[in-house]
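*Asks:* Given the coordinates of chain A, work out where chains B and C should sit on it, guided by the hints.
Chains as they are written, first to last, in numbering that gives the first Met the number 0: chain A, 0 to 295; chain B, 0 to 361; chain C, 0 to 240.
Check each hint, because a few of them may be wrong.
Said to hold, decoys possible - Using C-beta positions, here's what the derived DEER-type ranges look like:
1) C:14 / A:166: 37 to 43 Å
2) B:113 / A:119: 22 to 28 Å
3) A:168 / C:229: 50 to 56 Å
4) B:319 / A:83: 55 to 61 Å
Derived from the structure by calculation, the hints contain no laboratory data.
Just so you know, even glycine gets a beta-carbon here, dropped at the ideal spot from N, CA and C.
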Amino acid sequence: MSTFVLLTLTGLGLAALYFLVASGLSLVFGLADVLNFAHGLFLSVGAYATWWAADHLPGAGPTGFGFVLAAAFGVVAGAAVAALVELVLIRPLYSRTIEQVLVTVGLSLAGVALLQATWGADPRPFPRPEWTRGVTGIGGANIPNASLLLVLAAAAVLALLLLFLRYTRVGLVIRAGVENREMVTALGIDVRKAFTLVFAIGGAAAALAGALGGVYFGSVSPAQGGSLLIFAFIVVVIGGMGSVVGSAYAAVAVGLLQQFVNYYGTAGLGDICVVALLAIVLLVRPQGIAGRAVTA
Amino acid sequence: MTQAVPVSAEAPPAATPPELAAPKHRLTAFAPLVVLVVAVLLPYSTLPLPGLLDGALNEPGNLQLLAVCLVFGGLAASYDLLFGRTGLLSFGHALYFAAGIYGTDVLVTHGGLPLWQAAVFAVVGSTILATLLGAIALRTAGIAFAMVTLAFAQVGAILVARDFGGLTGGEEGLPLASDGLPAFLLGVANTVNLYWLALAYLAVVVLVVSRVAASPTGRVLAGLRDDERRVGVLGLDPYRYKLVAFTLAGALAALGGVVYLLVVGGASPHVTSSELTLSLLVMVVLGGPGTRWGPVLGGILYMYLDHRLTSLSADLPGPLGQPLFVLGAIFILAVYFFPGGLASLKSRVAPITAALRRKPAS
Amino acid sequence: MNPILTVDDLSVRIAGLHILQGVTFTVAPTGVTALLGRNGVGKTTTLRAIVGLTPRGAEVSGAIRIGKQSALSTPTHRLVRGGLGYVPEDRCVFAGLTVAENLRLAERPGAAPAYDRVFALFPELSKRAKQRAGTLSGGQQQMLAIGRVLLADNTLLLVDEPTKGLAPKVVTEVAEALEAVAEEVPVLLVEQNLAVVRRLARDAVVLAAGQVAWTGAAARLLGEPELTKALLGVGSTGVHA
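Extracted from the complex, chain A is given alone in its bound form (with noise of 0.2 Å):
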């Protein structure tokens, strides 16, 4: 039974991890058409953002509310870093899908290349607050600290990417286009503008996703990004492009039955059951969980 909620728990852990990344490809590429190879670039600045500034960062530290200052940093330089990539190298190639592609496929190599210049090669020892290093008790089984806290921090970002999506103009908008660009321009609405805001707030999720993976880590390096994103990738397919919430259900499928599948058969095995998952979600209903038709 303990084993059975540990598993449980740290596979919820995992899934935080995974909706973070996706939640903003899903947006982005609902809006905008964008299949974002550089997101896990954002989550590396997010995370080396947080690793800086917890050393330099006037009133920020490893641990305690310097923590929560240095993530609020690292999350800040995620978002925007992100807006920045998407005014500057996408905006241009607005509505060319496959360029827009290539284009962060080469930022993705340049910008790990150039974090790996910048910082080395090597994971660099990640801080870690007094209380992440910590278990809980729960249902007889004692959960890292680490895994309680990206679970606690992925609900609070599906409710307020829900909350925001529901209540606010930007929000319509954003749902909007996601169903029918076009239309939302044929009413008057420069969809644009949302692109950049869309960028933003995926860049800020893989930002926190960053800081929070170093903490569950207890590292960071330049390719964490990379390897992240690929079962990123995989939820997002999983759970129905431009689909938050779909890719929340998609998430925690994906991180149960990776942990449950690696815990009770062979390590790696649950890597390889998550593609066959896909496979079979595609074959049975390509359009995802949730979302539009992505043969479309």
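*Replies:* Quick look at chains B and C alone, frame taken from chain A:
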């Protein structure tokens, strides 16, 4: 969502079929042959190329570098069959290349098979794999297809990294056991044979791809790239044609894997990474998608630069010492300013040279 | 009277196909002008070119003026904010959004939305405010598509096949609504149902193979069966209006 469209708004310049080439350009038809002959004879040259290569051209180290470049030229051309010719944006091409490498390596090193048998099994197996996975992935289109192929390739990377049953050697890689190999491929002195092998592979890929492109099937593929609906209207099944392209590209990549394995003498896990496919994309776009020589040139140049920048990295400041930073930046600039890649340079330069030539006359 | 819309030598090429080849016509500043022609002659392409929604890669040449403004050099959202209302073919309401949200989206900044006008014309929309637009009937979706455009004051409306696929009774309702709308705003209407055209349109422009084949009074066109048949083909005479 749009179907994966070619890189430039105008359809990429398809290779002009020979029958359409003007007679006065007949000489240029022999140009590839001349290049091939030169390439074949290259190892007999002791020409030093200071700045470009260390030492004489035919030193084993240089020949090996050239062989790697040639393999990637061919590999990029095989990827272009998907991307430039059919408009399929696959992010999993590395999988079939890696399958050729690891398949052959495992069968020779662990299975004790002679090389040619192992190679046949590996290529056939990889081709079947490409058919199966393509059959699933092609149920989606455009960006979703890109993600799905990426995910499948990731399984390959995981399988290799986890080293199930000690077959792949995990992070360490798997050196190729030399007992199963014919003598003419062994030893530093025989590097030249590997070079020729790589050249032969490149020639085969270019021949196959340009034959396919000129065939009726190739015209359907080009139609799929430009506008899939029009092909559907003609009563042809787009799915089947795309699967043919996917399978053929996979087979060519696997063949390239066999050659690459021999050239570098072992398998290492980085060939399974998604980064490899991304660099194939970079090569094709830099060279010029949908053209006969663009991807080949792109592949050769990319690998050469990657190698040279790595060996020069100690002298270069900051991020310039990172080959991927330089190549990534070049790539981004190319997407903006040279949408047709290197292959379009000729047509861009042509009006300028024509204008220059006109001047003295006036 | 100066025309509200001038289309001058408009050509559109999409993927190598010459969809429009030098289309020239004007729309009067009052009443309904019908844009007619058989299927595939370029009626929808013309409307989309006016509102600036030609697909990427299309080559557009010629000139379009709305009032004094040049339309081809102005982005779609600015044209619409300037008073160009577009009701597309197949309604294109946002299926996942509620009726109220569909309307709220169409509010244009800088002007108070005229909900009174919309609900007076289509009372059904106020009753179904919380319903998802995707669950509305075809007629209700059409009313929503017209209604959302009427939230703001327009200088010109482009309406593409508003009665397509609707039941006879609903066709009459939509035609009545458009008749009321046209008393305030000039309308360029694409319509296959000739009974609707007869009821609404004063002027007519007929396209054939990407060019203007005929212009004149709608009554004259429809009054001469030979002319109607030659320009529009047979079988397109609707009866329910």
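*Asks:* If a hint holds in the structure, say so; if it does not, say that too.
*Replies:* Hints and how they fare:
| no. | hint | result |
| --- | --- | --- |
| 1 | C:14 / A:166: 37 to 43 Å | holds, 42 Å |
| 2 | B:113 / A:119: 22 to 28 Å | violated, 44 Å |
| 3 | A:168 / C:229: 50 to 56 Å | holds, 51 Å |
| 4 | B:319 / A:83: 55 to 61 Å | violated, 22 Å |
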